[in-house]
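Colleague: Spelled out, the chains give:
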Amino acid sequence: MLFDGLKHNSSICKLHLKGDNRNTLSDVGIEILRAYQANSNQLTQFTIEYFVPLQQNGGGGIVADTLRCCTNLKTIDLYRCSITDEQLLPMIDAVRGHRQLEEWELSSNSISNVGCDALFTLLEEPNCNIQFLNLQANDINLTHEGTINLANGLTNNTKLQKLILHHNPTDRNAEVNVDPSIVEDIFTQLICDTSSISSTFSSNHTLAVLSLPLVQVQQLTENFFKDTKLTSLLKLKVTWQSRRY
Amino acid sequence: MNQPAFQDILDRIKDNDPTLTAYRHTYLLNQVDFSALGVAVGENTHLEELNVDVRSLSGDISTFQCCLMV
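Chain order of the listed sequences is A and B.
Residues 16 to 260 in the working numbering are what the first sequence spells out, letter by letter.
Residues 1116 to 1185 in the working numbering are what the second sequence spells out, letter by letter.
Simulated from the structure, these hints should not be mistaken for laboratory data.
Each hint should be verified, as a subset may be incorrect.
Stated by the list, open to error - Reference excerpt, derived from the structure (chain B facing chain A, CB under 7 Å, subset only):
(1) 1119
(2) 1143
(3) 1147
(4) 1149
(5) 1150
(6) 1151
(7) 1160
(8) 1162
(9) 1163
(10) 1164
(11) 1165
(12) 1166
(13) 1167
(14) 1168
Said to hold, decoys possible - Here are the simulated SDA-like cross-link-like pairs (lysine to any residue), alpha carbons at most 25 Å apart as the crow flies:
(15) 29/A / 1146/B
(16) 29/A / 1140/B
(17) 177/A / 1118/B
(18) 177/A / 77/A
(19) 22/A / 1123/B
(20) 33/A / 1135/B
(21) 177/A / 207/A
Beta carbons are placed, not taken as given, at the ideal position from N, Cα and C, and that holds for glycine.
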């Protein structure tokens, strides 16, 4: 069987399983994942696409188990798998300490605030190397408090470059919308807190693209870089770092 | 362009053809093909990507869509 072959194969580093909205993960998918639990070191890219619903047939648990084994993953793509918070939490635990992990695609799932908060907790960990996180089209309801938590979580992160959060309920529900100017203020402060030189120095200078339901922070960062005073401050930071090391 | 027969692809995988690096076709595999693919893949050292598509089928291993990218 293919599963036995995969256990012995030493070259396949990219695995892509694809279904449709009538499929659970299926016997084939589950057996392939089991094979990669046994032969896990070489896998760098892991994609499960369009399995709805993944949670049937124990799919969520076996995905988490496979992620735990594959410690050299650079990219995880779980597009449109109906992943809930309950399924996501063990997956987050599974990738804790996966220092190679750079990209996590989770768009078009059923992740809400609980899962989102857990992901931001992961981003706070110093050994987390995730540079791209896509949470577009989930059930995340970004409130004022949630926006502050998100900004706080990213304050000390020096790896995340791109975070996508648009097409979540905040886009669609006017009652829960956060005032865009407040969001802008919060993230302006995150990217460059000009209250003091020290605050500017310790601001997040890594995040380049942040797509929120209400504001495109990429535009904010672009505006910052047009600001000559700010550019000087950023250069100052580089100077400080070079002196320190 | 005509899709090459599964057997041709299988032979190249079995022969560990190093030039099979950017190739993508979809085959409906029965259990015999599936087993043969497993043996070939196990010995191959050049395959980099495996793409398995189980759409539109029952999901059991008697027959399913397998898209190979090598």
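Colleague: Each hint should be assessed against the structure and marked as holding or not.
Modeller: Okay, the hints, checked on the actual structure:
no.	hint	verdict
1	1119	violated (19 Å)
2	1143	violated (13 Å)
3	1147	violated (11 Å)
4	1149	holds (6 Å)
5	1150	holds (6 Å)
6	1151	violated (9 Å)
7	1160	holds (5 Å)
8	1162	holds (5 Å)
9	1163	holds (6 Å)
10	1164	holds (4 Å)
11	1165	holds (5 Å)
12	1166	holds (4 Å)
13	1167	holds (5 Å)
14	1168	holds (5 Å)
15	29/A / 1146/B	holds (23 Å)
16	29/A / 1140/B	holds (16 Å)
17	177/A / 1118/B	violated (39 Å)
18	177/A / 77/A	violated (28 Å)
19	22/A / 1123/B	holds (23 Å)
20	33/A / 1135/B	holds (22 Å)
21	177/A / 207/A	holds (17 Å)
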